[in-house]
Amino acid sequence: MPTPNRLDGYAPIGDYAAIGDGRTVALVASDGAIDWLCLPDLDSPSVFGALLDAESGGRFELRPEEPFDTTRRYLPGTNVLETTFTTSRGVVRVTDAMTLPTSGLAPYRELVRRIEGVSGLVAMRWRIEPRPAYGTTVRLERRAGVPIATHGQDAVAMIAWDAGEPVAHDGGIEGRLLTAEGGLAHVVLAAAHQEPLVLPARPEVDARLAATERSWRDWSAGRLYEGPWRDAVVRSALALRLLVFAPSGAIAAAATTSLPEMIGGERNWDYRFSWPRDSAFTLRALLALGCSREADAFFSWLLHASQLTYPEVRVLYRLNGRPEAGERSLALAGYRGSRPVRVGNGAAGQTQLDVYGEVLDAAHEVARSDGGLDRDHARWLAGVADHVCAIWRQRDAGIWEVRSEAAHFTQSKMMCAVALDRASTLAEQGFLRGNVARWRGERDEIRAFVESRCYSEDKRSYTRSADEDLLDASLLLGVIGRYAEATSPRLLGTVDAVRRELARGPFVARYLGEDGLRGGEGAFLACSFWLVEAYARQGRIDEATALMDELIGLSNDVGLYAEEIDPATGAFLGNFPQALSHLALINAAVAVVEAAG
Amino acid sequence: MIWGAIVGGLVGTLVLTTVLRATSELGLTRMDIPFLLGTAVTEDRVRAKAIGYALHFVFGLLFALVYLAIFLVLDESGVLLGAVFGFVHALFAATALVNVLLPVVHPRMGTGFDAAGSAPLLEPPGFLLLNYGRQTPLVTIIAHVLYGGIVGGFVAWAA
Numbered sequence: 390m391p392t393p394n395r396l397d398g399y400a401p402i403g404d405y406a407a408i409g410d411g412r413t414v415a416l417v418a419s420d421g422a423i424d425w426l427c428l429p430d431l432d433s434p435s436v437f438g439a440l441l442d443a444e445s446g447g448r449f450e451l452r453p454e455e456p457f458d459t460t461r462r463y464l465p466g467t468n469v470l471e472t473t474f475t476t477s478r479g480v481v482r483v484t485d486a487m488t489l490p491t492s493g494l495a496p497y498r499e500l501v502r503r504i505e506g507v508s509g510l511v512a513m514r515w516r517i518e519p520r521p522a523y524g525t526t527v528r529l530e531r532r533a534g535v536p537i538a539t540h541g542q543d544a545v546a547m548i549a550w551d552a553g554e555p556v557a558h559d560g561g562i563e564g565r566l567l568t569a570e571g572g573l574a575h576v577v578l579a580a581a582h583q584e585p586l587v588l589p590a591r592p593e594v595d596a597r598l599a600a601t602e603r604s605w606r607d608w609s610a611g612r613l614y615e616g617p618w619r620d621a622v623v624r625s626a627l628a629l630r631l632l633v634f635a636p637s638g639a640i641a642a643a644a645t646t647s648l649p650e651m652i653g654g655e656r657n658w659d660y661r662f663s664w665p666r667d668s669a670f671t672l673r674a675l676l677a678l679g680c681s682r683e684a685d686a687f688f689s690w691l692l693h694a695s696q697l698t699y700p701e702v703r704v705l706y707r708l709n710g711r712p713e714a715g716e717r718s719l720a721l722a723g724y725r726g727s728r729p730v731r732v733g734n735g736a737a738g739q740t741q742l743d744v745y746g747e748v749l750d751a752a753h754e755v756a757r758s759d760g761g762l763d764r765d766h767a768r769w770l771a772g773v774a775d776h777v778c779a780i781w782r783q784r785d786a787g788i789w790e791v792r793s794e795a796a797h798f799t800q801s802k803m804m805c806a807v808a809l810d811r812a813s814t815l816a817e818q819g820f821l822r823g824n825v826a827r828w829r830g831e832r833d834e835i836r837a838f839v840e841s842r843c844y845s846e847d848k849r850s851y852t853r854s855a856d857e858d859l860l861d862a863s864l865l866l867g868v869i870g871r872y873a874e875a876t877s878p879r880l881l882g883t884v885d886a887v888r889r890e891l892a893r894g895p896f897v898a899r900y901l902g903e904d905g906l907r908g909g910e911g912a913f914l915a916c917s918f919w920l921v922e923a924y925a926r927q928g929r930i931d932e933a934t935a936l937m938d939e940l941i942g943l944s945n946d947v948g949l950y951a952e953e954i955d956p957a958t959g960a961f962l963g964n965f966p967q968a969l970s971h972l973a974l975i976n977a978a979v980a981v982v983e984a985a986g
Numbered sequence: 070m071i072w073g074a075i076v077g078g079l080v081g082t083l084v085l086t087t088v089l090r091a092t093s094e095l096g097l098t099r100m101d102i103p104f105l106l107g108t109a110v111t112e113d114r115v116r117a118k119a120i121g122y123a124l125h126f127v128f129g130l131l132f133a134l135v136y137l138a139i140f141l142v143l144d145e146s147g148v149l150l151g152a153v154f155g156f157v158h159a160l161f162a163a164t165a166l167v168n169v170l171l172p173v174v175h176p177r178m179g180t181g182f183d184a185a186g187s188a189p190l191l192e193p194p195g196f197l198l199l200n201y202g203r204q205t206p207l208v209t210i211i212a213h214v215l216y217g218g219i220v221g222g223f224v225a226w227a228a
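Going line by line, the protein sequences match chains A and B. Here the first sequence is numbered in the numbering used here, starting from 390 and rising by one per residue. Here the second sequence is numbered in the numbering used here, starting from 70 and rising by one per residue.
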């Protein structure tokens, strides 16, 4: 691809690739700039935040000094990125990775950029502008000859080997080098948090880079999926692995905050939290790929995190398991002027009833996979089922976390029925104890409510909420969550209606109604993959396969997806990379393979 | 009295460690004494912290015994005198002990003459430990004054 066209300093969202180490994620643009990195963790403040403020957010640039074309790929089976710059004078290859810890004394976090001359002579330039705490200008100092920047309990060191003499200039450190064939240089960012900096040695950095590549390759070689779209499925698994916060097992919904759902709009949210709602999707995807260790870790995290709010399950939790997520706005310009830039997420305080169905469905998956449930977990789940019996009649904010008035959202009610159905099934299987008769009775009442008030004979479809005629793509989850038989006439009709009214080609909108926010949004990619899965579960293999083929073609050049896509231009919108999009891709592919027998 | 010094040394080190940890959480300093001590022995981060905590308590006890010796020479002890010792101790730590002596004996700690080479280097603390954050000298003084006061108090109580 040619040198990317930045608009006012902002690269297109789809222009980024993600690298990470299981604690945090950096986004690398195709012009070699790292525009997003939070340290020390994914949900910490950014040290490079040019993604949200091109002027003052801070970034790590590395590029040829003359016009260039770029080709990129992940090294096969890894989250190590390789960018090849081609200029009129030669070719340079840059390998980017956040190294994984090995034995030996390594920095708390380490970002490595290795520069290799492939052919000719290419003048390269690099510049690091650390702006900790979302854009704070800091004084640069030196330790043992190495430039460093400190801010409170955090510090970063900028180390260059054969990459020119690092010079402090205009609030950053920069250097220039001329690469020749076979030449090798490194620029490394070493970070410390609540401890003195560890300044790494060059041979150890090379060894860690090699070990990191090996570790990712070994992990992806262990993934079980065999079927069509294997490359996309494995890439999705690797993208998810980047979003798994290793210290706790939680899975972040995305690596970023406030990438807009509409350019210039206000739908800008912080997704660096874990949503229990995604638990069933997550567990099915992880178990299908043979990631039982990650699945167990996530399920344990989920039950542990929600202990404090038991029997209520909150909409989202911090990656360390804490429930508070106070929302505030930052004084940043926003991606291409999309403000406010939010950190924290106000949805944490909402009531969303569907989450219980997802959690109990997830428990059902775990019990099936592990052959049972831990006794404490079983007691916890029975308590949650009782809680559902008590609250399902309430109005809620629904799966899309609308900020308009609460309503009786159909998918929420469906998932309450699913929750009690799974609890009853687990009890029948002897995995948990409780008032099964009550659970079944309430489940039947919920179903009666849905069938009588949430179905439109005119549209031959379930509706967005009770006593209205609008549609909602979340109704596809009625098929996926097994609210009823997938091929029941009402679910068949609903899938057709969603396709008819909400889809444009491969793109599916979430809904068309009011949500309490100004402006519109793009098509929601997970909904498109849900449509594939719904087709597959209804035995409509040809439709599922055709749609899946189209959707696979919509990823960016390195196989990643954002939350949404602009149907008119194909540009990505919303936070990136998005766990739900990749989870939905994996589950859709697995469903098609299963349905095809 | 020796038991007073031993108990005071243990409790004082506990308080000192807690204060340093708490101020680190508050973003006032990157000082991490167990990490600094432990990495002199091993490169493994987890083992370094465990060994570092143990070493810190050993040093805490040894310093309490030094305090005891001075109390005996002066034939006087107490919280206030202990706090004064703690203040002097902090100044010594910040200007000489951690700033000059530790980098000399620590196999992985950088000095002004080192550059990153074949082995990883720990960031040197600098004069008054200022490299680890501008509030580090203040935090170090408060923690050591508390330590000294506690040792002095226990010695006086046991006398």
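Keep in mind the hints are simulated off the structure, nothing from the lab. These numbers come from a predicted model, not from an experiment. One should not assume that every hint holds.
To be verified - Which chain B residues stay away from chain A? Per the calculated CB distances, all over 10 Å, these: (1) Thr86; (2) Leu97; (3) Met100; (4) Leu191.
Stated by the list, open to error - If we take Cβ atoms under 7 Å as the criterion, some of the chain A residues that face chain B in the derived model are: (5) Gly493; (6) Leu529; (7) Ala533; (8) Gly541; (9) Glu932.
We put the beta carbon where it would ideally sit given N, CA and C, even for glycine.
Hints versus structure:
Consistency note on threonine 86 of chain B: stated as away from chain A, and its beta-carbon is indeed over 10 Å from all of that chain's, at 13 Å minimum. Not every C-beta of chain A lies more than 10 Å from that of leucine 97 of chain B, the closest at about 7 Å, which undercuts listing it as non-interface. Not every CB of chain A is more than 10 Å from the CB of methionine 100 of chain B (nearest about 8 Å), against its label as outside the interface. Not every beta carbon of chain A lies more than 10 Å from that of leucine 191 of chain B, the smallest distance being close to 5 Å; the non-interface claim is violated.
Satisfaction of the interface hint for glycine 493 of chain A is found here, the shortest Cβ-Cβ separation to chain B being roughly 5 Å, below the 7 Å cut-off. Contact between leucine 529 of chain A and chain B, as hinted, is not supported at the beta carbon level, the nearest pair being about 13 Å apart and thus beyond 7 Å. Restraint check, alanine 533 of chain A versus chain B: the minimum CB separation of about 4 Å is within 7 Å; hint holds. Given the 7 Å rule on beta carbons, the hint for glycine 541 of chain A holds: about 4 Å separates it from the nearest Cβ of chain B.
Violation of the interface hint for glutamate 932 of chain A is found here, the shortest Cβ-Cβ separation to chain B being roughly 53 Å, above the 7 Å cut-off.
The structure shown violates the earlier hints numbered 2, 3, 4, 6, 9.
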